[in-house]
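Colleague: Next come the chains, spelled out residue by residue.
Number of protein chains: 2
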Amino acid sequence: MALIVQKYGGTSVANPERIRNVARRVARYKAMGHQIVVVVSAMSGETNRLLGLAKELMAEPDPRELDMIVSTGEQVTIGMTALALIELGIKAKSYTGAQVKILTDDAHTKARILNIDQHNLKADLDAGYVCVVAGFQGVDIDGNITTLGRGGSDTTGVALAAALNADECQIYTDVDGVYTTDPRMVPEARRLKSITFEEMLELASQGSKVLQIRSVEFAGKYKVKLRVLSSFEEEGDGTLITFEEDGKETNMEEPIISGIAFNRDEAKVTVLGVPDKPGIAYQILGPVADANIDVDMIIQNVGADGTTDFTFTVHKNELNKALNILRDKVQGHIGAREISGDDKIAKVSVVGVGMRSHVGIASKMFRTLAEEGINIQMISTSEIKIAVVIDEKYLELAVRVLHKAFELEEA
Amino acid sequence: MALIVQKYGGTSVANPERIRNVARRVARYKAMGHQIVVVVSAMSGETNRLLGLAKELMAEPDPRELDMIVSTGEQVTIGMTALALIELGIKAKSYTGAQVKILTDDAHTKARILNIDQHNLKADLDAGYVCVVAGFQGVDIDGNITTLGRGGSDTTGVALAAALNADECQIYTDVDGVYTTDPRMVPEARRLKSITFEEMLELASQGSKVLQIRSVEFAGKYKVKLRVLSSFEEEGDGTLITFEEDGKETNMEEPIISGIAFNRDEAKVTVLGVPDKPGIAYQILGPVADANIDVDMIIQNVGADGTTDFTFTVHKNELNKALNILRDKVQGHIGAREISGDDKIAKVSVVGVGMRSHVGIASKMFRTLAEEGINIQMISTSEIKIAVVIDEKYLELAVRVLHKAFELEEA
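Respectively, the protein sequence lines represent chains P and R.
Using my numbering, the first residue of the first sequence is number 1, and each one after it goes up by one.
Using my numbering, the first residue of the second sequence is number 412, and each one after it goes up by one.
Check each hint, because a few of them may be wrong.
[Stated by the list, open to error] Simulated pairs of lysine-lysine, DSSO-like, Cα-Cα distance not exceeding 27 Å:
(1) R/466 <-> R/732
(2) P/344 <-> P/277
(3) R/441 <-> R/521
(4) R/466 <-> R/533
(5) R/512 <-> P/122
(6) R/732 <-> P/55
(7) P/344 <-> P/329
(8) P/344 <-> P/316
(9) P/91 <-> R/815
(10) P/321 <-> P/344
(11) R/441 <-> P/101
(12) P/55 <-> P/122
(13) P/30 <-> R/466
(14) P/55 <-> P/316
(15) P/101 <-> R/533
(16) P/110 <-> R/502
(17) P/101 <-> R/521
(18) P/55 <-> R/632
(19) P/110 <-> P/223
(20) R/441 <-> R/634
(21) P/110 <-> P/91
(22) R/815 <-> R/804
(23) R/466 <-> P/91
(24) P/110 <-> R/512
FYI, nobody ran anything at the bench for these hints, they're computed from the structure.
Nothing here was measured: the structure is a model prediction, and the numbers come from that model.
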């Protein structure tokens, strides 16, 4: 008998029929003798509907009241899921975040979990109940309802698994696991049986949006066994997220590369002809950061004429904002020759823990792209990934040839 | 400075624009220096929508889970109302029933209020906040969310007024007070400046559905000054509900009759030719009550041949159920000649505290109906009302002629 936390996202509980499917799956696990805690999101579209209602009354809604309104989305789903289970003859009980009680700080709309009281849940689990818990929400020390921010239901699932010392936290989504790359782009993409926490972070942050990064970090911190599965398939083991401490790094059977990640959402900003002096990076990026613009890749190259070129990437939506800031506040100040932007770029990354101990991954990647005539505009590396920026129009080609070069296809 | 509880029903908060209107009214009272507690229902249609969702999963939804789902309706409205107030620059804070805490028994979907903790509300009122409280809901001793049943928001308003020792409880609806009869049927109907609690009970239970009966009883028990007003009109004092202890009965200026109530929702069940023996009434009504069918009027007449005819009224929706029970379980047992039903009836009542001390009201009522050729099928009387059952098709005529005969028209 295991204690399993199962988290179902908005598309998995989008309507009564899908909620019935969730209940049937829970029933199968229960029939195996497991104790089950189910965490559900709001029915898909519901959070946006509630947000829209609030914004009709206040353009920037008061955060406490917004949480009061938006948290009802999950409250409806827990009641519905419990009903579907009871209809199947299974003892079930729903819990709001406050009822559990999932104690958070008071940062409404983006609260962080401080503590989870596992007393009520444990008692009900031991009494044979399936506990259905509202994701995304908690309660502060004064009893105010808080929410964890978008995607917070994953975090609720992982945090509950940690608090209850669960054997496994299963995250059900509309994909059946983590793939070597996006199967919609490369039909030969293969589902990974397991992936390390760090690889997952790279893949998630680079476009394989399977799990909320925060929940993966949480799982890593509390050593929660995390598995991604499809809520639309009966069978399949999904992908297990492992941690390096599990000894994976020393497993010689593991492939060197786990997958190819990509991202079309970034744009490139280049500051040309900057006098090469200390403090230039801060003078350029300081004002950008002050404007709350997230910067991803950053590259600086020293030139021959005593000037340097400085390039970074931002989200496409923020390209113009970034360019305006640089032209208004930075260019004259630092004496840069030119500020230019390009939103016709894409980022492709080769990800794998194995590359740490294997030379030649980078050269293989660069050679593969060169053979297809794909020019590399930027390169950035970390311990477990090599990312390049290329012309957007070559993205599909690059992902396909890299996937093949690193032998990631379905065996 | 007074402490006022204002309760707004579903149509008064049906959409963001109407919620803004509610906020503006609250703002006016606040500007007069009053402390305000606002109680709101779910946006109209929302409770039915949620009920429908629940019933898609379970024909007879588990009551605890149903309360979990349905209580979100009011939770959305309190957040929205607080946002509308904050947008007007007014300090406001929403409260679920659990946050207040409105302690109830554990009879889910029809819970009764046991106690209201006024500590949090008082503190926030004293700090200058408008407190916006979810109607219709509470929490049991174990922290489960409960609901008070349909119309329970009125009860929440009155109970809060009692607990906070408020100066007045204002119930805002889509009518601007209690009328001598339904103005849609009799255009000359006059709004009553005040009405006694008992008259109100009769008028409310007989079709003038202005207030939930339970809330009026509650107000009577705790001596809450209750006023019915329109949420769609800027001006007007509505109708004050008084209690006899206020000395109204001795006020000679008061009219004898307050109004004409009516009800089209009842059907008549007649058991003909029952041997006239002790226990017959129980043998007939016992099985009906066991099936949870509410019975309103009950009449029994002794006949000449040693048999008796027994007639009672039930809600039209329950006529067939009642007839089946009588035919299957009762008819043979008691040896009744015939069981018949009629749903083409209507009930008309003349209501007034004054009739206790004035003879001739009944005869005037019967004569008025006779003059129009309206046959009376059943008669039932109480201290403050005379009710008759007539053919449904004469209902409008009966109400109009009685309204005129008792001189209830607008002066």
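Colleague: Provide an ascending list of the numbers of those earlier hints which the structure does not satisfy.
Modeller: 2, 3, 4, 6, 9, 11, 12, 18 and 21
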